[in-house]
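Dock chain G against the given chain Y, drawing on the hints supplied.
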Amino acid sequence: MSRLFANAKTITSIQPEHAVEAGVDWALVQRVQAGDVRAFDQLITKYRERLYAIIYNMTANREDTSDLTQEAFIKAFRSINSFKGDSSFFTWLYRIAVNASLTHLKRSRLRRFFSFDHLDEQISQSELAEVLADRMQTDKPTLIKELQEKLNEALQRLSLTHRTVVVLFEIEGLSHQEIAQVMECSEGTVRSRLHYAKQQLQSYLQDYLR
Amino acid sequence: MSEPTPHKPKVTLEQLLRLKRHERPPEEYWARFDRELNERVWRALAQPAPSRTSEVWGWLGRQARWVTVGAVSTLALALAWLGNSPAPQKYAATNKPVQVASAALTEQASVEVAPNDNAQALAAVAQNNLPAIVQPVLAAAKVLDSANSAGFNKVPAMLAFATSEGDGVRYATDTLSNPAISARIRGSTY
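Protein sequences appear in the order of chains Y and G.
Reminder that position 9 of the first sequence reads as 9 in the numbering used here, one-by-one numbering, no gaps.
Take the position in the second sequence, starting the count at 1, then add 1000; the result is the number in the numbering used here.
To be clear, the hints were calculated from the coordinates, so they are not data collected in a lab.
Possibly wrong hints are sitting among the right ones.
[Claimed, not checked] Calculated pairs, DMTMM-like style, for lysine to aspartate or glutamate (alpha carbon to alpha carbon, straight line, at most 20 Å):
1) Y:K75 with G:E1039
2) Y:K150 with Y:D120
3) Y:K106 with Y:E184
4) Y:K46 with G:E1039
5) Y:K75 with G:E1036
6) G:K1010 with Y:D207
7) Y:K46 with G:D1034
8) Y:K145 with Y:E127
9) G:K1010 with Y:E130
10) Y:K150 with G:E1014
11) G:K1010 with Y:E127
12) Y:K145 with G:E1014
13) Y:K46 with G:E1036
14) Y:K198 with G:E1014
15) Y:K140 with Y:E130
16) G:K1010 with Y:D134
17) Y:K46 with G:E1028
18) Y:K75 with G:D1034
19) Y:K46 with Y:D67
20) Y:K46 with G:E1027
Bear in mind the structure is a predicted one, so any value in this text is a computation, not a measurement.
Same shape as in the complex, but just chain Y (with noise of 0.2 Å):
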């Protein structure tokens, strides 16, 4: 029964969408635990973008990127027992992803290199692209390229802790509370933290801003 209203505190304290998220990952946890590794599939497919997404977006090395979003699927499968519902499962997948990106970064510091994602195509048919091609004086595929290369730059060039908040608020849409979660600390520091890295981030970035 306390673990019935542990799991459903916890769904109410995030946002509704992902509550309801919440409550169908409970359900498949639960089922792995049981011993249906089928069920585990089912979450894999749910998460295997967005986790890419964030060991990408924090490493901006698509080859790392592959390996260690399958590491973190490995390491969440094996601890799923240890899973008691305390937290939603996805800020726990996203804490062991997080933390698998944030040691292979700290491992290979010296040794970074970049290899990019495919951008989509719906980029360069964006209002956005028009305006700043239309600024930077250059057509949009050199643009786009340009801009990407900027964009994972300036990203590398904060620190782990920072790059990791806006990561998590703006591309991946968490809210403060959800990264709070993810990274084990206060609001108030994922706050601070980002206002911090988005300064930042406006200074290298200042030639698309003006």
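Frame of chain Y, contents of chain G only:
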């Protein structure tokens, strides 16, 4: 009179960052990803979860500097203690198996160790019980074993005692440098 400048929409940082959402692998990538991950998950299922021992070794690896310092200090203290204690001839003279029991070992089973047994044999048993504690002492044991020193027979006792009491290298070091405990080790083990 200057011409009015055409309206230029302001680009925000948030808009720029949102462009990152469009960076993703092609659709066909996920088929390969699923296949590889599936193989790895099944491989993980076939293997036992990482044991406490490998986690401890991993931790020790990350703390290599401190482990080295701990092992060297333990070895130095062990050598000093062995140098000051009576010669162990009476132990070497008997062929009867010696019962070496400690709190840790008795949880599984008490262990019979012949006086001339290799220190590593007992170390292996102790290692299965409380690996976190035994490693630095094991390093000392190996050195003493290979040197075949006069104090060799005390090494199993040191190992058993160090593993029985908990709290790792610091405790093992304290143990070996404390005359009262040293006497207890000698008394309780042989």
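Hints versus structure:
no.	hint	result
1	Y:K75 with G:E1039	14 Å, holds
2	Y:K150 with Y:D120	17 Å, holds
3	Y:K106 with Y:E184	19 Å, holds
4	Y:K46 with G:E1039	18 Å, holds
5	Y:K75 with G:E1036	15 Å, holds
6	G:K1010 with Y:D207	12 Å, holds
7	Y:K46 with G:D1034	12 Å, holds
8	Y:K145 with Y:E127	16 Å, holds
9	G:K1010 with Y:E130	12 Å, holds
10	Y:K150 with G:E1014	15 Å, holds
11	G:K1010 with Y:E127	12 Å, holds
12	Y:K145 with G:E1014	19 Å, holds
13	Y:K46 with G:E1036	17 Å, holds
14	Y:K198 with G:E1014	9 Å, holds
15	Y:K140 with Y:E130	7 Å, holds
16	G:K1010 with Y:D134	13 Å, holds
17	Y:K46 with G:E1028	16 Å, holds
18	Y:K75 with G:D1034	16 Å, holds
19	Y:K46 with Y:D67	18 Å, holds
20	Y:K46 with G:E1027	15 Å, holds
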